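> Sequence order for the protein chains is A and B.
In short: position in the first sequence from 1, add 1285, done, that's this note's numbering.
In short: position in the second sequence from 1, add 1285, done, that's this note's numbering.
Check the hints yourself; a few may be wrong.
[As the list claims (entries may be wrong)] In silico SDA-like cross-links for lysine to any residue, where the CA-CA straight-line distance does not exceed 25 Å: (1) A/Lys1421 - B/Val1401; (2) B/Lys1421 - A/Tyr1400; (3) A/Lys1542 - B/Met1348.
[As the list claims (entries may be wrong)] Cβ-Cβ distance ranges computed for the label pairs, FRET-style: (4) B/Arg1439 - A/Glu1477: 36 to 42 Å; (5) B/Thr1642 - A/Glu1477: 34 to 40 Å; (6) A/Glu1477 - B/His1499: 19 to 25 Å; (7) B/Ser1369 - A/Val1294: 45 to 51 Å; (8) B/Ala1417 - A/His1499: 32 to 38 Å; (9) A/Lys1566 - B/His1651: 56 to 62 Å; (10) B/Thr1642 - A/Ala1436: 55 to 61 Å; (11) A/Ala1607 - B/Glu1358: 49 to 55 Å.
To be clear, the hints were calculated from the coordinates, so they are not data collected in a lab.
The model shown is predicted, which means the values in this text are computed figures rather than measured ones.
All residues carry an ideal CB built from backbone N, CA and C; glycine is no exception.
There are 2 protein chains.
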Amino acid sequence: MNTYMTRRVALAKTLADSGVAIALFEDTEGRRDPSIRYFSGHPGDALLFISADGRSLLVPWDMNMAASMARVEDVVAYTDFNRSPFAAMAGALARLGIAAGSVVDLPSVTPYPMYVDYVEACPDYDFRCTDAGSTKAAAAMRAVKDADEIAIYRAVSAITDAAMDDIEAGVRSGRFETETDLALFIERFLRESGCESTGFETLAAGPSRSFGIHAFPAYTAAAFGTEGMSILDFGLSYKGYTSDVTMTFVKGDASGKRAEMIALVKKAHKDAIAACGPGVKSRDVALLVDAIFSEKGYAMPHGLGHGVGLEAHEAPAVRSRADNDWVLAPGHVITIEPGLYDPEAGGVRLEDDVLITEDGYEVLTHSRIVELG
Amino acid sequence: MNTYMTRRVALAKTLADSGVAIALFEDTEGRRDPSIRYFSGHPGDALLFISADGRSLLVPWDMNMAASMARVEDVVAYTDFNRSPFAAMAGALARLGIAAGSVVDLPSVTPYPMYVDYVEACPDYDFRCTDAGSTKAAAAMRAVKDADEIAIYRAVSAITDAAMDDIEAGVRSGRFETETDLALFIERFLRESGCESTGFETLAAGPSRSFGIHAFPAYTAAAFGTEGMSILDFGLSYKGYTSDVTMTFVKGDASGKRAEMIALVKKAHKDAIAACGPGVKSRDVALLVDAIFSEKGYAMPHGLGHGVGLEAHEAPAVRSRADNDWVLAPGHVITIEPGLYDPEAGGVRLEDDVLITEDGYEVLTHSRIVELG
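Please model the complete structure; the sequences and the hints are all you need to start from.
Encoded structure:
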């Protein structure tokens, strides 16, 4: 049984357990869902039906791509359904022999008007669309990386570490002078290293912009690595899985408030990682960092981290909000990214990716705060 | 009255005419909607409420960004609503004094579970979520570019033309040898020209991949401009508005099937543009191209074009599908992008942006099929 089929069979079991006959996954412009890639190998622009008895039907836009990449039982071109998701739904229910009256689970992001149209197109079925359906089940499965995925994470982390070494050397030598220099170096490096793309738009913020959490635009022709603090936040996507790291570069005066912020972020990064492990509530790790900062009168304006995988932000959550009830488990890959920001001093953030193991954790990437002197 | 207020007042009139008291626009991860930028100047990550009497309330993630970019009557931080869209909705209805029983129009992409939660949070209001509501009204408004937007389109088109001149020279001279070379040249060029970003991921497909409509990954380390046909499809985003052009490069044998495909695409591009003008059904333009191709036994596997603006694909549609009932009007900016693809010969596509004027059309960009000899 190939990896994709193993995953579909596991999902099918959760469908059967919750009384669902068939689940739809959709990956279209405006509603991207890499769960289709996770369950079939097909990278995108498709509908995927998975039944509670473990069968699958892929409905792709591009049949050539499906022929080379999809590992599923059955494929029908979207054009055969006149590019209508409602016709595809009716066709899939018939083709897979789903009995009238059965429960059909829709993606949780299905727009209200589409829900109405599905019901109209297939009035004999019981459509369900909730935040607790197969979308959530897939997210929970994807949060726990299997052996294939952990191997991919070791590979993309090594490539990311190599990129960071070159970046540090290039900023030190003066080869990289602008935000654009860094972003374009990353684009070239990743492709020459066999990666697909960045995992998200590279965020390069020189001293004039580093106090913002998410600079807009993501990178510009502005100077990077000059007097003050510069932040570089990037991720490389390898076989669909993204790394996510943040480096900070400090030039010139690193005393006073800057020194305090840097020391606090380094301590938060170290202590948070050391607190990770199976059975640990991720909220407790985030609260630990909140306490480190608040003791010195600082506050972090964003969450401590998040899961990574086929999406740059996925389960598990790693934040101190009261609604976070995630418990870290072996196979989780999360970011730990404490940061502090000040309109005068600038911003400092240090981010690495951490794999939760059977008996603790493994730091996958090796980011750094670079003091340029 | 500033441009944004003018637009809000125009939308408010359509709300009042259709019995809607207030409309919500949402721009969040997974549900991007540049209508917020169109109506407020704020570039993203926010909720925007517009009432039928023309008042507005912006609920941004980043208050600093809102202070510098938003032109609205009222701003409340999303954190003040505990980052809950349902709390923000209840707060907005109270703050704007919307009477109980009024109709509240939600974005057409609102997920079914969120619709249910809005109703639960504000049970005294009549929530509406259809494909024909304020989302559609905003799309129709955005399709017709105003004077400010046309000025932006002239600027971004000139920058795009300059990029194409440099690209042609660089491929001819051998400076650009790979798909990555071209994609990264574009990234650097646009930032040095004052643009924000690409309008969409640059698609560079050398001869080994040009037969696909949308190559995956979008660009790689593979050779570009070598023996055969190579396609480069890119757009530059200036003040949020994207251009969209496609160049084809032909090297070596350009006889036989390749010659026929190139001639047909050039003719389709020329005849389609000549057919554009106010009052013309865009479907008729697309049918004209279908006829040019089918007469010689070819078929185009994608639509002829689409509107461009704050999104790379927006209204009006420019395709031959029977459901396309768009009539071209002054202010529309559309792409015309005929293409033919053959697994042996490769792909050829020629795409330009066209502004519909009071008495005809104006070709904004000047792409080309480059024969390298």
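> Each of the hints needs a verdict: does it hold here or not?
Do the hints match the structure? See the list:
1. For a cut-off of 25 Å, the pair hint linking lysine 1421 of chain A to valine 1401 of chain B stands: about 18 Å separates their Cα positions.
2. For the given pair, lysine 1421 of chain B sits about 18 Å from tyrosine 1400 of chain A by alpha-carbon distance, which is consistent with the 25 Å threshold.
3. Proximity of lysine 1542 of chain A to methionine 1348 of chain B is assessed by CA-CA distance (about 24 Å); at most 25 Å being required, the pair is judged to hold.
4. The hint said 36 to 42 Å for the Cβ distance between arginine 1439 of chain B and glutamate 1477 of chain A, and at roughly 38 Å that hint holds.
5. Judged by the Cβ atoms, the range 34 to 40 Å given for threonine 1642 of chain B and glutamate 1477 of chain A is violated: they are separated by roughly 46 Å.
6. Take glutamate 1477 of chain A and histidine 1499 of chain B: their Cβ atoms lie about 23 Å apart, and the range 19 to 25 Å holds.
7. A hinted range of 45 to 51 Å is violated for the C-beta pair serine 1369 of chain B and valine 1294 of chain A, which are about 37 Å apart.
8. A beta carbon spacing of about 34 Å between alanine 1417 of chain B and histidine 1499 of chain A agrees with the range 32 to 38 Å that was offered as a hint.
9. A beta carbon spacing of about 60 Å between lysine 1566 of chain A and histidine 1651 of chain B agrees with the range 56 to 62 Å that was offered as a hint.
10. About 58 Å separates the C-beta atoms of threonine 1642 of chain B and alanine 1436 of chain A, a value consistent with the hinted range of 55 to 61 Å.
11. Distance hint check for alanine 1607 of chain A and glutamate 1358 of chain B: the Cβ-Cβ separation is about 33 Å, which falls outside the suggested range of 49 to 55 Å.
In terms of the numbered hints stated before, the structure departs from hints 5, 7 and 11, listed from lowest to highest.
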